[in-house]
Amino acid sequence: MSDRPDISPDDSGLAAEYVLGLLPEAEARALRTRLEAEPVLRAEVLGWEKRFAAMAEAEVDPVPPPSAVEAQVLARLFRADETRRRMGIRRWLAGLAVAGFAALAVLIYTGGPERGIAPDFAARIAAEDETLVLAATLDVETGRLAVLREAGAVAAGRAQELWLIAGEATPVSLGVLSTDAETEVIVPQALRPLFAGAVLAVSDEPPTGSPTGAPTGDVLAFGTVSEI
Amino acid sequence: MASQADLEQLIAQVALQDRAAFRALFSATSAKLFGVCLRVLNDRAEAEDALQEIYVKVWHRAARYSVTGHSPMTWLITVARNHAIDRLRARKGRVETLDPEMPLADPAPGPEARAVAAGEAARIAACLEELEDTRAAAVRGAYFEGASYADLAARFEVPLNTMRTWLRRSLLSLKDCLSR
Chain A
1 MSDRPDISPD DSGLAAEYVL GLLPEAEARA LRTRLEAEPV LRAEVLGWEK RFAAMAEAEV
61 DPVPPPSAVE AQVLARLFRA DETRRRMGIR RWLAGLAVAG FAALAVLIYT GGPERGIAPD
121 FAARIAAEDE TLVLAATLDV ETGRLAVLRE AGAVAAGRAQ ELWLIAGEAT PVSLGVLSTD
181 AETEVIVPQA LRPLFAGAVL AVSDEPPTGS PTGAPTGDVL AFGTVSEI
Chain B
1001 MASQADLEQL IAQVALQDRA AFRALFSATS AKLFGVCLRV LNDRAEAEDA LQEIYVKVWH
1061 RAARYSVTGH SPMTWLITVA RNHAIDRLRA RKGRVETLDP EMPLADPAPG PEARAVAAGE
1121 AARIAACLEE LEDTRAAAVR GAYFEGASYA DLAARFEVPL NTMRTWLRRS LLSLKDCLSR
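Residue numbers (my numbering), protein chains in the order written: chain A, 1 to 228; chain B, 1001 to 1180.
Do not take every clue at face value.
Which residues of chain B face chain A? A partial, calculated answer using Cβ under 8 Å [what the hints assert, rightly or not]:
no.: 1; residue: Gln1004
no.: 2; residue: Val1056
no.: 3; residue: Ala1063
no.: 4; residue: Tyr1065
no.: 5; residue: Ala1122
no.: 6; residue: Glu1130
Worth flagging that the hints you see were computed from the coordinates, not collected in a lab.
A virtual CB, placed ideally from N, CA and C, is assigned to each residue, including glycine.
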């Protein structure tokens, strides 16, 4: 294939540069616009992808990855799903909770203006019937976790506690949520990387939070953390 | 090693969310893609992270594989190389992404074109041999290291415009050689 008489050397070169990532952003954007309208140019981009991939086929030796990588991929894609489906979030949390206590000092304060720093992780924490909806964003660099209450309130005489559940680890308390619209928590450095693919859950607790260091009440809402 | 037809079948099943097919695809192709990650990133831990992210993409994008008209390995290697280069550039503080979701539906290369792919690897190796060493090195630098024209111009000690003319000529001779 790919030796097409109907593409000029200039356009072929441009297509190759596009595939290699050599074009400055403005030129790359212009080329993307042309791709929409020009099948010949599109075919040339594919032709170059194919030629370069052939170069990688020829010159790169296969190296089996450590088996942990496959496990991590599978966990990332499927585990959160499956666990939730199989046992329901309440029993899942309770089951994990017995594994141990995780008492964690986190500094909590409410309010605080937006500082306009792009957060790195986000989660929508919601009840199945949407009566409680929270939006959480974590700025990995500063550790600032902002939790915005979009729907629902804290029941009188009770508290809502936020938990970080990374994979199969014991839930770690991120603190009690403010009854105000926004809660801000500074997440300790060591916990920040655990947010990738983790679940954030909110449980119903006595006014001062869980007495045991593990969730004790109903799970009111939960959501999976995604990278943003 | 799974045949091309096997891999096509696996990708089609992955597009239907078949997890067993995904695991089979991983075991058949991950060594090659890990090799690509290592070559680009030159760092084992980072290559492992990249490989994870690449297969997450493969899972999500499998449904769009067929419209590329690529052979399975061409598609997988392209996803892997672009992702690894994006990581490499992020490490260097460059922000542009090589991996935009671009529309690439293309009716042109059919099953025949796909079938040529295996032979193409052998042919491109021969065609790279025909290039002067430094020129082949520039092509490899751009593809495997994500080198920019400025990087290449500095490396080969030529003005930027000369570098561009040079690389383009090399690429076009490569293409000519492959079509002979």
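- Item | Hint numbers not upheld by this structure, sorted from lowest to highest | Per hint list: 1, 3, 4 and 6 violated.
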